[in-house]
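A.B. asks: Numbered per this note's numbering, the sequence shown spans residues 1 to 442.
Read the hints as simulated data drawn from the structure, not as lab findings. This structure is a prediction, so every number in the text was calculated from the model and none was measured. A few of these clues could be false.
To be verified - Straight-line distance between alpha carbons at most 30 angstroms, and here's what the computed DSSO-like set of lysine-lysine pairs gives:
1) Lys136 / Lys69
2) Lys69 / Lys131
3) Lys136 / Lys124
4) Lys228 / Lys197
5) Lys69 / Lys102
6) Lys230 / Lys213
7) Lys162 / Lys121
8) Lys259 / Lys391
9) Lys266 / Lys235
10) Lys162 / Lys197
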Amino acid sequence: MENIPRFNPYTMTDDQILKVHINNNASFKWVLSAIQNNQNISPSTHILITGAHGMGKSFLLRRLQVHFKHYNTIALFLFPEITSNMYHPDDFLINLQSMISKNFCSSLPRWPKGSGDNWQKHGKNIQTLVKQSPYKHIIVCIENLDSMLTNPGIFSNASKRKQLQNFLADSSFLTLITTQTGALSPGTSYFFDNFTKHSLSSWLARDHAPYLKQIFFMHNIPYEQHPKIKLKALKYFTGGNPRNVLIMADILKYNDIFKTIQAFEKSIDLLTPYYQNQLRSLLPLHRLLLDVIFRCTATYSTDDLASLVQADEKDISQHISLLVQQGYVRTEQNNGRNPYIIINDHLFAHYYRMRHVSYQEHPGELAAVSQFLTTFYDHQELKKLAQAFFKQGNTLVARDLMHIILADFDLSIDKLSWSDDISSLFQAVDICESQNFQLPKK
1 MENIPRFNPY TMTDDQILKV HINNNASFKW VLSAIQNNQN ISPSTHILIT
51 GAHGMGKSFL LRRLQVHFKH YNTIALFLFP EITSNMYHPD DFLINLQSMI
101 SKNFCSSLPR WPKGSGDNWQ KHGKNIQTLV KQSPYKHIIV CIENLDSMLT
151 NPGIFSNASK RKQLQNFLAD SSFLTLITTQ TGALSPGTSY FFDNFTKHSL
201 SSWLARDHAP YLKQIFFMHN IPYEQHPKIK LKALKYFTGG NPRNVLIMAD
251 ILKYNDIFKT IQAFEKSIDL LTPYYQNQLR SLLPLHRLLL DVIFRCTATY
301 STDDLASLVQ ADEKDISQHI SLLVQQGYVR TEQNNGRNPY IIINDHLFAH
351 YYRMRHVSYQ EHPGELAAVS QFLTTFYDHQ ELKKLAQAFF KQGNTLVARD
401 LMHIILADFD LSIDKLSWSD DISSLFQAVD ICESQNFQLP KK
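Kindly generate the complete structure, drawing on both the sequences and the hints.
C.D. replies: Listed below in structure tokens is the structure:
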């Protein structure tokens, strides 16, 4: 069976971009409205699109690129492949000039002269080109401008950042649209003070089905209606992240539990380089907190976490606030007490437990993915699978599945005398599923 191609807006054709709507139409219309308003006011209001990894920022810029191809306007898109070939500030304006004039040989990089004269000259050249055009206003889209403002970016020097800031403030003929993943760098956040900010939000559970249906059909892969629990599992593990939803889409293709697990683990493999980079970029104390949160599946409040790591609750709250800003976790109300800390990306947590936590006792074949199984399958499905494996003579898998179900009822039976007796395990699940069953008080 063909694998579902991974989401990459740079490799998608214009037609595919138009066909695949990832529920950001409201954001798309908002940006168009902001651009329209800028053509009637001075100075221009520039735009910062924010959102976590995979929320659709690159897709939104590609969607704008496709849109403006059909309109009489000048829309310039500086994607990462272009910005990586800029070696000093002048190259930014040189690239804009060449894109407006369509004279791409003129965008050859120049040896830096160490003077601001060239910057002023290139700025005036751009203004002249715009005045000579019938459109009078240009749109410039840059991915992750923040990375150009920090070392080793071409505007990492404070005086060069000021040059760019002044150019944007004085250029009423230009609307700049840029994107940002996570929190802005502390030393450059002021640069965006006068930008209008728009945040891309996570998907809701109901958003997944129509999107996946489009993706399956686009690649001639049969799509069947899936039980709500399957789509809820996608929402739970991806946090509503569009890119991660597609990476996990292969799990919907299989009825066989082991093929489903293999597809799930393949999703983890595909995201491993990204997660490794995320861990490397974390401050040591932030990684310590995520280690505790990821290691256990329990939900902690900030005071719970402070007690676990033996720290002051105020210190923990401050660091959790930073992790919230960076998109790793969110907080939810806790009946007037300190808020609960909720993981946004459960795939990240699963990756961490699988690759970074050493188990003293190796779990069963299925126990390592127990959280995935109890999220993707309901208890009745798991019980039927266990019965089927038992009939096939695969007692170990049947037993592991029953242990996983009972653990999901918050029951630990490992030390009980009947923990390996299949008939007793099935009976225990029946009791847990009965309406009269109550969890024992801890």
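A.B. asks: None of the hints should be skipped; say for each whether it holds.
C.D. replies: For each hint, the structure was consulted:
1. In summary, the hint linking Lys136 to Lys69 is supported, as the alpha carbons are separated by about 17 angstroms, within the 30 angstroms threshold.
2. For the proposed pair Lys69 and Lys131, the alpha carbon gap of about 20 angstroms is at most 30 angstroms, so the pair holds.
3. About 14 angstroms separates the Cα atoms of Lys136 and Lys124, which keeps this hinted pair within 30 angstroms; it holds.
4. For the proposed pair Lys228 and Lys197, the alpha carbon gap of about 34 angstroms is over 30 angstroms, so the pair is violated.
5. Under the criterion of a C-alpha separation no larger than 30 angstroms, the hint pairing Lys69 with Lys102 is consistent with the structure, at around 14 angstroms.
6. As the CA atoms of Lys230 and Lys213 are separated by approximately 14 angstroms, the hinted pair is consistent with the 30 angstroms bound.
7. Distance hint between Lys162 and Lys121 is fulfilled; the C-alpha atoms sit about 17 angstroms from each other, no more than 30 angstroms.
8. Using a Cα cut-off of 30 angstroms, the hinted pair Lys259 and Lys391 holds, with the two alpha carbons roughly 20 angstroms apart.
9. For the hint linking Lys266 to Lys235, the alpha-carbon distance of about 18 angstroms falls within 30 angstroms, and the restraint holds.
10. With a CA separation close to 20 angstroms, the supplied pair Lys162 and Lys197 stays within the 30 angstroms bound.
Checked against the numbered hints above, the structure breaks only hint 4 and satisfies the rest.
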